[in-house]
Amino acid sequence: MKRLFIHMLSPIGPLSIVRNEKGICSIQFSLLQEEEDRVFQPDDVLLKEAVRQLGEYFEQNRTDFDLPIDITGTDFQQAVWNALRHIPIGETRSYSEIAERIGNKKAVRAVGQANKANPVPIVIPCHRVIGKNQSLTGYAGKEIDKKRKLLKLEGVL
-12 MKRLFIHMLS
-2 PIGPLSIVRN
8 EKGICSIQFS
18 LLQEEEDRVF
28 QPDDVLLKEA
38 VRQLGEYFEQ
48 NRTDFDLPID
58 ITGTDFQQAV
68 WNALRHIPIG
78 ETRSYSEIAE
88 RIGNKKAVRA
98 VGQANKANPV
108 PIVIPCHRVI
118 GKNQSLTGYA
128 GKEIDKKRKL
138 LKLEGVL
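Residue numbering for the sequence shown follows the numbering used here, starting at -12 and increasing by one per position.
Since the hints were derived computationally from the structure, they do not count as laboratory data.
Do not rely on the hints blindly, as some may be mistaken.
Said to hold, decoys possible - Derived DEER-like restraints, expressed as beta-carbon distance ranges:
#1 93 with 73: 17 to 23 Å
#2 35 with 60: 24 to 30 Å
#3 62 with 119: 21 to 27 Å
#4 60 with 120: 34 to 40 Å
As the list claims (entries may be wrong) - Result set (DSSO-like, lysine-lysine): computed pairs, CA atoms no more than 30 Å apart in a straight line:
#5 9 with 35
#6 136 with 103
#7 35 with 92
#8 93 with 133
#9 103 with -11
#10 139 with 35
#11 93 with 9
Note that beta-carbon positions come from the ideal geometry of N, C-alpha and C, so glycine has one too.
Use the sequences and the hints to build the structure in full.
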């Protein structure tokens, strides 16, 4: 099955949501184009459900997501992403707290890299991870403005 995608306008800018045969596999902060292995499919039931749930989140009517997710990563990345899923809306954790939670308190920088590599931001709330000094450090590379908006939406800022 080719990967299918849909576009969504959001308060943090355009999003492209991508699915494969098992579930949502990517959310990107840009408008994707069709390619050989990726097809625009605005009528796909799962993609429409993802748009609906994200819309509810942005309207502050949803605190968690109920979507099948199919993401690949190393065991370390998977451990980090799993830890991120346990950060409640309206709360943050530091990179060092995540490192401790996964049992590797010295892996703070590696946690940052795994956080940056999260393929489904917002759904897996990597924006809720901040610096130990409460600073808003890296989000999806250089998307600090998006992190700030998401944390403000959740009542953290």
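To see whether the hints hold, each was checked on the structure:
1. For the pair residue 93 and residue 73, the supplied restraint of 17 to 23 Å holds, since their beta-carbon distance comes to about 21 Å.
2. In this structure the supplied range 24 to 30 Å holds for residue 35 paired with residue 60, their Cβ-Cβ distance being about 26 Å.
3. Taking the beta carbon of each, residue 62 and residue 119 are about 25 Å apart, inside 21 to 27 Å as hinted.
4. For the pair residue 60 and residue 120, the beta carbons lie near 28 Å from each other, so the given range of 34 to 40 Å is not met.
5. Taken as a hint, the residue 9 and residue 35 pair is honoured in the structure, with Cα atoms around 15 Å apart against an allowance of 30 Å.
6. With a C-alpha separation of about 17 Å, the suggested pairing of residue 136 with residue 103 holds against the 30 Å cut-off.
7. For the given pair, residue 35 sits about 39 Å from residue 92 by alpha-carbon distance, which is inconsistent with the 30 Å threshold.
8. A C-alpha spacing of about 28 Å is found between residue 93 and residue 133, which places the hinted pair at or below 30 Å, so the restraint holds.
9. Our distance criterion of 30 Å between C-alpha atoms is met by residue 103 and residue -11, whose separation comes to about 25 Å.
10. For the hint pairing residue 139 with residue 35, the CA-to-CA distance comes to about 26 Å; that is within 30 Å, so the pair holds.
11. Only pairs whose Cα atoms come within 30 Å are accepted, and residue 93 paired with residue 9 is rejected, the gap being roughly 34 Å.
The structure does not agree with the numbered hints 4, 7 and 11 stated previously, though it agrees with the rest.
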